[in-house]
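Undergrad: Chains as they are written, first to last, in our numbering: chain L, 1 to 162; chain S, 1 to 363.
Among the clues, some could well be false.
Distance windows between CB atoms, simulated [claimed, not checked]:
| hint | chain 1 | residue 1 | chain 2 | residue 2 | range |
| --- | --- | --- | --- | --- | --- |
| 1 | S | 328 | L | 135 | 25 to 35 Å |
| 2 | L | 18 | S | 62 | 27 to 37 Å |
| 3 | L | 91 | S | 127 | 51 to 61 Å |
| 4 | S | 328 | L | 45 | 17 to 27 Å |
| 5 | L | 106 | S | 107 | 49 to 59 Å |
| 6 | L | 106 | S | 96 | 43 to 53 Å |
By construction, these hints were calculated from the structure, which means they are not laboratory data.
Predicted model, so just to flag it, every value in this text is computed and none were measured.
Beta carbons are placed, not taken as given, at the ideal position from N, Cα and C, and that holds for glycine.
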Amino acid sequence: MTLIKSGVPSRDELSTVIPPRQKLEKGPVVVVECFQEIPCNPCETACKQEAIRVPNINDLPIVDHELCNGCSLCISKCPGLAIFVIDETYSPNEVLVKIPYEFLPLPEEGDIVTALDREGKVLGDARVLKVQDGKYQDRTAVISITVAKDFSMEVRNIKVRG
Amino acid sequence: MKNREIAVIGGGPAGLTAALYASRMGAEVTLLERHSIAGGQLVKQTHKFFGSQKQYAATRGIDIPQYLLEEIERQGVEILLDANVLGYYTEDGVLGYEKDKKFHVLKPERIIVGTGATENVLPFANNDLPGIYGAGAVQTLMNEYGIVPGNKALMVGAGNIGLIISYQLMQAGVEVKEIIVRGPIIRGYGVHASKVRRMGVPINTCCTVKSAHGNTCLEKVTTINLTENREPIPGTEREVDVDLLCISTGLSPLTELLWQAGCQMEYVAELGGHVPLRDKNMRTSQESIFVAGDASGIEEASMAMVEGMLAGLCAARDFGYDDGMFNELHYDAIMQLNELRSGEDSEKIRKGLKECLVKEVIR
């Protein structure tokens with residue numbers, strides 16, 4: 001199933017946006033899950049590293065993963081909530097994933113939440129490391145979670161436990 | 001009777017920018033808005049906008065009217081709220097509107113119609129049960145008045161509005177059971193679809209509502225699957241227990257005033273229905289009437305804002321007004337529209353515009 005049929009990008013579609021392995025092994029890097037040419041460029045505007053370029057506003061974002069330092073300024077600026085930052089070097093067994101999140105209540109730092117995949121299916125537990133919810137994020141909080149390394153390219157949402 | 005250079009009808013994204021740029025050029029402008037607050041659909045659009053910085057990208061729709069209104073008020077635009085325009089009489093150039101339960105008249109030399117759109121309905125058995133809403137009503141209840149419209153919802157339609165409102169229903173704590181869509185693909189942006197999918201909401205294509213059930217209000221909906229040619233497939237009926245059915249099956253331009261004013265209209269399916277012929281400056285076949293936003297064809301708010309800018313600039317230019325920036329701003333507006341509509345996603349819009357865009361409007 002493709003994005004246009006199901007709302008979830010296929011493996012083939014995803015393969016076009018996943019950063020190269022050698023970059024993932026070096027540190028935090030952005031994953032821009034944007035697959036349709038829609039007129040939009042706030043990711044480019046937000047990026048101070050010039051790692052994301054949108055030459056014509058209808059182009060797909062062109063990501064130079066080498067230039068990305070994982071700063072995460074783009075996450076809350078994407079109106080499609082399609083940008084994530086992954087740090088596979090966080091610890092030997094865990095990966096750090098930054099996720100845009102717009103639901104209340106927000107989780108708190110230290111909380112254990114449920115990690116969900118692109119279809120909302122439960123992957124397992126995630127620990128909340130940081131919640132950024134300042135003026136810059138403008139009500140799109142950026143939640144940093146740690147999950148088992150296998151989930152780095154699967155986890156894209158969380159469920160806060162009530 | 002009050003004379004006025006320009007009347008802008010509708011205080012949504014198109015009307016606000018039209019008023020802003022017309023007054024910036026130096027024209028005297030009255031803006032008529034039927035709601036008690038200006039902003040049109042923006043007042044309930046809590047999501048961040050697409051586009052570029054010039055069209056307030058990454059800003060939430062709800063925050064945009066205040067930026068435009070501050071500027072408009074500073075420039076001395078007269079804003080009439082709760083003012084419902086009822087008719088335009090071409091014989092004497094009079095615009096009639098209702099405000100404070102009284103009928104008023106205004107005689108503008110130019111009119112910019114930014115009346116927006118109306119929602120399409122879906123025919124099925126019992127579609128008048130309480131609990132069945134148009135998507136706009138759901139958004140108004142939730143985001144304008146803070147009223148949760150139900151507990152368990154079924155969304156019909158997976159265009160951007162259906163997807164966005166499904167997401168907002170979940171933000172309001174409503175359980176969205178599923179989204180169904182008649183066609184074989186999701187018409188809305190993939191990113192909006194992904195946002196609801198990762199919340200666990202299924203999107204079922206080739207599926208529609210067969211009937212609704214309930215005694216005093218909605219209790220259950222029967223859905224049926226469709227072939228790719230939209231023929232119902234007997235035996236594929238399913239029952240979904242919901243108390244809220246939200247219909248988001250598209251918009252049609254709201255063009256009564258343009259019809260009444262005698263503007264030449266054309267049916268353009270790609271733009272959502274009947275739309276007025278217009279030139280590149282958004283002037284209709286009536287020299288004194290401009291159009292902007294969804295009333296000229298269904299598109300995103302970013303396009304509506306730029307069309308409003310163009311109509312506002314050109315309506316003011318008819319009086320010879322120019323603050324020295326006309327040429328630059330006019331060029332900028334044309335370029336912004338070309339750019340916004342240059343992508344794959346706008347193919348349908350480009351095709352539709354070919355049918356109603358005329359080089360020289362016939363008078």
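Undergrad: Please check whether residue 91/L and residue 127/S have a Cβ separation lying inside 51 to 61 Å.
TA: holds, 55 Å
Undergrad: For the pair residue 18/L and residue 62/S, does the Cβ-Cβ distance stay inside 27 to 37 Å?
TA: For residue 18/L and residue 62/S the Cβ distance comes to about 35 Å; the hint holds.
Undergrad: Range first: 43 to 53 Å. Now tell me if the beta carbons of residue 106/L and residue 96/S are that far apart.
TA: holds, 50 Å
Undergrad: If I claimed the Cβ atoms of residue 328/S and residue 45/L lie 17 to 27 Å apart, would that claim hold in this structure?
TA: About 22 Å separates the Cβ atoms of residue 328/S and residue 45/L, which means 17 to 27 Å holds.
Undergrad: Does the hinted range 49 to 59 Å hold for residue 106/L and residue 107/S at CB?
TA: holds, 54 Å
Undergrad: For residue 328/S and residue 135/L, compare the CB-CB distance with the range 25 to 35 Å and indicate the outcome.
TA: holds, 32 Å
In this structure, every one of the numbered hints holds.
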